[in-house]
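Participant: Letter by letter, the chains look like this.
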Amino acid sequence: MSASPWKRRRFLSAGVSSAAATFSGCRRNQNPWRFFTLEEAFLVEQICQQLIPADQDAGGREAGVVNYIDRQLAGFHSRQQNLYRRGLVRVDEIARAMFQDRFTSLASERQVAVLEEAETKETAFFNAILAHAMQGFYGDPRHGGNRDYASWRMLGVPPRPVRGRQQYDLTRGRG
Amino acid sequence: MALERVNAVVVGSGAGGGIVAKELAQAGLRVVLLERGSWVTAYDCRKDDLRNQRTTVLGNAFGPDDERHPRVVVDESGRERTLRASEPGYHNNAGCVGGGTASYGAMAWRFMEKDFRMRSTYGAVPGSTLEDWPLSYADLEPYYEKAEWEIGVSGDDAGNVFRAPRRRPLPMPPLPPNRECQVLRPAALRLGLHPFDIPMLRNSVPYNGRPACMRCRWCVGFACEVDAKCGTQNTVIPAALKTGNCELRCDCVAGQVLLDERGRAAGVAYFDARGRYREQPADLVVVSCAAIESARLLLNSRSRLFPKGLGNRHDWVGRNLQGHTYPRAAGLFDFELYDDQGPGAGIAVCDYNHGNPGLAGGGMLANEFIRLPYQFVAQVPRSAGRWGRGHKEFMRKWYRRSMSVMGPVQEMPMFDSRVEVDPVVKDHWGIPVARLSGGKHPHTLEVARYMAGKAEAWLKEAGAIHTWTVVPGPGLSGGQHQAGTCRMGGDPRTSVVNRYCQVHDVDNVFVIDGSVHVTNGGFNPVLTIMALAYYASAHLVKTWKGTRMRS
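Protein chains in written order, with our numbering: chain A, 817 to 991; chain L, 1445 to 1995.
The shape of chain A in the complex, shown without the other chains:
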């Protein structure tokens, strides 16, 4: 596999994200998220970075998983908005009960401990955010996650081939 398709894609996606930045800058509301508050988005990003930590490869944060989740909560997964709102509050409550501080201020090992607690105590929310984090990290980049094909590079899966479509006339030779 040559590196060229990746280069072209990086260039394309850079163009897209700068366009998005310009767009969000124009809006009166400075919060760029569709569903989350700024605080919630930061918390979700930190949770996702523990669910899929960065190492030699990108983690949940670098892959833009929070962007995927935000987009789906404002769209297909909108039924789960309340589950998230309440669940995120609960995660902070667990963090305070265990370590007397909010989740985002805790060191990495403590964040893991809080999430292990949430996994058993806030099962519905934890399962939802875990599923969404995996979707946003390993799923198709078109839905807002897996930025720059981060997970597919990690796994060594080639990008989508740009071939096939409209290579022939569908109206000929059928039936």
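Since the hints were made in silico from the structure, they are not lab data.
Covered, in the sense of this in silico footprint (three residues per stretch, anywhere, with C-beta under 8 angstroms from a C-beta of chain A), are these stretches of chain L: (1) 1499-1512; (2) 1816-1826; (3) 1829-1835; (4) 1838-1852.
Where a beta carbon is used, it is the ideal one built from N, C-alpha and C, also for glycine.
Using the hints, position chain L against chain A.
Facilitator: The following block gives chain L in isolation, referenced to the frame of chain A:
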């Protein structure tokens, strides 16, 4: 305004209905083909890992939609839930032109001779309604062949010493083996098994005016980008339309089969794409909506003569809902197996379909279709953790160095695994929805555990350094292989249709899809549904006299 009378209304344009529409239209009958979904073409292939027929976390790509098609499902503990169409447990097949054939993996199996004689072969199984089919493999053989050549099948089953006799070889050679197949074949031979190239409804060479497979990894669950996968939507349905005798009406939802005062079908009532109530008068009606929706349509067709639903005088409509139980073995290897060559599945053995000591039936075993990265997430064993460093490390280390062998275990039919119509919940159009309940027979799970062990042994022989097995739970089967709900049989008291798929009580209503399967074989059922559709159509055309059946 009444619609103009036609000879036949076919409800559902999937594997069964598409073929029936074409056969009737070519025989000169005027046909209306109703489809609840839309026409998805190669241009609509989106290669979307999160929204396709297999992974529906962002919705059903091939219908039905979440908003208008609820179902009620009762689980083993009696808990009742109303599900949206993309939710797990809904047992969706598909809702689009071509039905499941627009997005399937496209394995093209002929059942074996014993699959039609399960009761005679294995005797009664307590708690199961196991029975023989009223027809034999020999009756269907010419129609299997017709399906293979008209729809298009590639592969080579010459190495399958267990296969039932065939008169003609497959029309296309197999695709070249991918790396998994290359590793599994010698391992199978060392074990004394009989591996061969899986027959697939997929062009390996240009065929029927469409190109060959380009071997991408978005195959099972997706519409083919180059139209190399052969379904009814790109073969028989265009042929039916070409005759000028068939009109396809998309986005039309059938509510009931209309009956006249003598109890014969008079047409179909449906809601068109704009939501208007319509009645389409017809001389005969063919129900081809797949096992769950076909049963629902019959049960919703109540009248004075059939207060419990059309063809349901003896309470057999909706019974014996079955699919396949898929045991799986996974193996990790110290060398790379992933070569990004779709469709992935390519090699199978039929050594365990029958003759397993002390067991009734079995199933074929094959390697898996390519797992997309998101699909692999759920296959990570619990020992590696559900999340965090361990999970990610497992994904990175093993995604390209693992494979799975799995197979569809032939299920023991259960009278109480069934489709009813829900007394309360209605769909967008006010039609009572399907209500599913029941589970698997314990023997089915016993066979599944046995098969998982055989799959694991194959992987070990292939060099796996670590293996494990996954056997499904006791819950209801159905899904894309759904079958059995309008059983075919000779006795009207214990079946719904006769051997020609004709409803016992009403001679101008036919059920032509997987519903009529008495048992579902240890194979993906689509080629059998296609063969049955050709077989039943041939009989229908032969007995057709102007505007009625010859009695």
